[in-house]
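Undergrad: So the protein lines, in turn, are chains Z and G. Heads up: the first sequence begins at 1 in our numbering, then just goes up one per residue. Heads up: the second sequence begins at 1 in our numbering, then just goes up one per residue.
Hints were generated in silico from the structure; no laboratory data involved. Accuracy of the hints is not assured; some may be wrong.
The list cannot tell twin chains apart, which means a pair is met if one copy fits it or any two copies do.
Unchecked claim - DSSO-like, lysine-lysine: derived pairs with alpha carbons at most 30 angstroms apart: (1) K116 with K388; (2) K116 with K194; (3) K316 with K396; (4) K257 with K390; (5) K438 with K388; (6) K5 with K70; (7) K134 with K388; (8) K411 with K214; (9) K386 with K63; (10) K396 with K385; (11) K5 with K214; (12) K5 with K134; (13) K214 with K385; (14) K56 with K70; (15) K116 with K225; (16) K411 with K438; (17) K257 with K386; (18) K191 with K214; (19) K225 with K5.
Number of protein chains: 2
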Amino acid sequence: MAKQKPRTLAGFMELLPAQQQQMERIMETLRRTYSLYGFTPLDTPIIEDAQVLLAKGGGETEKQIYRFQKGDSDLALRFDLTVPLAKYVALHYGQLSFPFRRYQIGKVYRGERPQKGRYREFYQADIDIIGDGKLDIANEAEIPSIIYQTFSQLGLKRFQIRVNNRKILNGFYEMLGLTDQSQDVMRTVDKLDKIGPDAVRDILVDDLGVAADKAGEVLDFIAIKGDTSAVLAALEGYRGRSQVFDQGLDELTAVTKYLSAFGVPEEAFAVDLTIARGLDYYTGTVYETTLLDHPEVGSVCSGGRYDNLAGYYTDKPLPGVGISIGLTRLFYVLDDQKMLNPASPTAPAEVLVIPMSAGQQGYAISVATRLRGQGIRTQLYTEQKKFKAKISYAAKLGIPYAMFLGEDEEKAGVMSLKDLAKGEQVTVSFDEAVGIIKGYLAEMEQIPSVLG
Amino acid sequence: MAKQKPRTLAGFMELLPAQQQQMERIMETLRRTYSLYGFTPLDTPIIEDAQVLLAKGGGETEKQIYRFQKGDSDLALRFDLTVPLAKYVALHYGQLSFPFRRYQIGKVYRGERPQKGRYREFYQADIDIIGDGKLDIANEAEIPSIIYQTFSQLGLKRFQIRVNNRKILNGFYEMLGLTDQSQDVMRTVDKLDKIGPDAVRDILVDDLGVAADKAGEVLDFIAIKGDTSAVLAALEGYRGRSQVFDQGLDELTAVTKYLSAFGVPEEAFAVDLTIARGLDYYTGTVYETTLLDHPEVGSVCSGGRYDNLAGYYTDKPLPGVGISIGLTRLFYVLDDQKMLNPASPTAPAEVLVIPMSAGQQGYAISVATRLRGQGIRTQLYTEQKKFKAKISYAAKLGIPYAMFLGEDEEKAGVMSLKDLAKGEQVTVSFDEAVGIIKGYLAEMEQIPSVLG
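Sequences are here, hints too, so could you generate the full structure?
TA: What follows is the structure, given as structure tokens:
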């Protein structure tokens, strides 16, 4: 028979088993942490009606979308989890209770040009809190505190959640009479890190026609840096010149105050006035999260407050706040930067149960069944291979214990348990074996997935 | 702005939050049970190269497939998890250890005509054990024991795993000289339950030209029923007439013997000689699982032993054994038959923390943070609503406890904890509150997802 060469499409992540175990552990941490904060899991279809999915329209996205016909239907694959959330809330509005808190971890699709670390199929892990008409400012502090908790649980240490408020930016540009140009100005200011302040000033003045003194004010403003209290103090100096600005400053002050009540240490967050977020629907607090040792990666977790989640589906005002982790990309970065903890267990089982000959098959099966009853992940090895091949199988998979069951063990109702890392072997009762393996498990639980 | 009517496509399951919690709990049970048996989780792309995915060809499947162009690429959505597994094993062969045991829970796509209980996007939950050239018969007993354990963990009681062996069927038809017609005969025999033995005999004789005495033997054979030892004893009567049959009988005898060592009680399985499974690649043991009180639903979990997983990708012989739960359909059936346990918790949190006024916001945040530190799922309610609205929010979501934090509570460092089901309220210390809620959690852990 002619063979088809097996291959996986470029831009689609497919992990080997050990890596996949790491990924699963990270996902499990996300699910557990999101649940701790009272978010309910949601699952929406990957395929949606293209008209529904693209109701908002929008240039870049539409070009990248996977869209196709099936029969008479015009279909598209979701490109984020926000539009499906908007659809979900608008569609099931009457059956939901607000504030509606959901998390969703799912694959999304964008037909980008494949390149290193960029994927066409990738996981997003989103949390959002949606209010019915109103939403308290405390939620805007809770969201980054969840991200702090999530990243800490993974083992990450050197990260920073950067916070800003769109009202402060909008109010500031209002003060300068630059409201109409604010999008262009912000896009220019965004290049600060890459091109430096002088080049930014030149573009503002020469290309955008901003008066020189106003351009100077813009550069002074985005140069405000320091710890939270210093930045807030500097911002107080602008108070009274714009209602919008003042409201933004009140919100930012409240958010930073609550953050510490939420247990987020000062060094894990910073007010950063250069953060604006591209999406035009953010209206209040905005977030970005950077790995301090890898600034080149950019933000690994972003989001913010919006006033109108589902305006293209419903007249109901649905304000919300949310944040999204680009999980596939984050995993790629952690792996690429050697930050995945090599000590984190990746084996499919804690113990490999090996009958020494066909005569012990029944005994081995019943011991394996009892181990599983104790919650111990157990693999049974019944293949007729050489002893060495069996041990090498366990070693290759990183299974920490091998259990040998021969005629003597069966007669005495005991088991020979070998710690494959230490090379030590003991003959013990079932209960003793369980105790040893559970001790190992307790140690492993302390090992974080990621090296921070 | 003109509104787009939000909708979800027909044939795509989208659950409300409480149902989704049930589904998540079921998935978590599957992941945990599969892991206990030493299966490693796998995740493969939903989109594959159409040439790769359809390498095997095949009529029915190809018609139902979602296939489309993106740029120059001919793409298709996976329609099961078996073909992606074959691709994965062939592609990564050199980096895998065999026997390779993987589980995968993921969405697959078939453009079937949507009808009640049939989905175009649905989850499959698969386990497979792949050998490199050989695979021990014990694996064919382990697979149904995992299904027994999984269903039992869910709470299901009245189900039966039915087992047969293709070699027994093939050997039997060989004895009768009906090998060339065996596919047609088996297809006819499959209709037994629907049309009765006389109609089956008529088709065999009139349409397929089977001699009357042989048709009688076929009907006698598939009428063999009873407990395992009775069926095996009846089958022994055919021994010595076909090597293939004898091998199949040896295998079936071994499988049924091991099943009890694996802890599967006699009443949970049966040998059923009418089971053949449609797919032509099964070569040994085959399985179907039926809900005893809902035979009309058909098999909710099927699979079997195959000799050649990836013959269209590689020359390497890769025998295996696997089974698949059609999870979305199973969930639909459980819901439709009112078998989802209404006592199973569906709330997004164990406790709703409510500051009585804005002054207690900080206290409420720090109490919520401490509760989460104790592993208690906690939702913070900071909206400025009437007291009644806050309580009704908790009740609607099924959150079992509300915690009220007023000025008095803050001063004394205590909390008022209300059991919303019983209507009882107590004022307690933080540790006491944690104790009460953890007591509730321990009770909830005993509650199965499903009513068996």
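Undergrad: Between copies, within a copy, both or neither: which fits K396 and K385 at Cα up to 30 angstroms?
TA: within (15 angstroms within a copy, 59 angstroms between copies)
Undergrad: Which holds for K214 with K385 at a C-alpha limit of 30 angstroms: within a copy, between copies, both or neither?
TA: This pair counts as neither: shortest intra-copy Cα distance 79 angstroms, inter-copy 43 angstroms.
Undergrad: When no copy is specified for K257 and K390, does a C-alpha distance of 30 angstroms or less occur within a copy, between copies, both, or neither?
TA: between (58 angstroms within a copy, 24 angstroms between copies)
Undergrad: When Cα atoms must be at most 30 angstroms apart, do K134 and K388 count as within-copy, between-copy, both, or neither?
TA: between (67 angstroms within a copy, 17 angstroms between copies)
Undergrad: I want to check one pair: K116 and K194. Are their C-alpha atoms no more than 30 angstroms apart within a copy, between two copies, both, or neither?
TA: Cα proximity of K116 and K194: one copy only (21 angstroms, versus 57 angstroms across).
Undergrad: Checking an output row: K56 and K70, CA cutoff 30 angstroms. Within, between, both or neither?
TA: both (22 angstroms within a copy, 22 angstroms between copies)
Undergrad: I want to check one pair: K225 and K5. Are their C-alpha atoms no more than 30 angstroms apart within a copy, between two copies, both, or neither?
TA: neither (56 angstroms within a copy, 46 angstroms between copies)
Undergrad: Is it within, between, both or neither when you check K116 against K225 at 30 angstroms Cα-Cα?
TA: For K116 and K225, the Cα distance exceeds 30 angstroms both inside one copy (33 angstroms) and across copies (60 angstroms).
Undergrad: Treating 30 angstroms as the Cα threshold, decide for K191 and K214: within, between, both or neither.
TA: within (18 angstroms within a copy, 84 angstroms between copies)
Undergrad: Please sort K386 with K63 into within, between, both or neither, judging by C-alpha distance up to 30 angstroms.
TA: Classified as neither; 57 angstroms inside a copy, 47 angstroms across copies.
Undergrad: Have a look at K411 and K438 and pick one of within, between, both or neither, based on CA distance no larger than 30 angstroms.
TA: Close inside one copy (25 angstroms), not across copies (43 angstroms); limit 30 angstroms.
Undergrad: Between K438 and K388, at a C-alpha cutoff of 30 angstroms, which is it: within one copy, between copies, both, or neither?
TA: within (26 angstroms within a copy, 48 angstroms between copies)
In terms of the numbered hints stated before, the structure departs from hints 1, 8, 9, 11, 13, 15 and 19, listed from lowest to highest.
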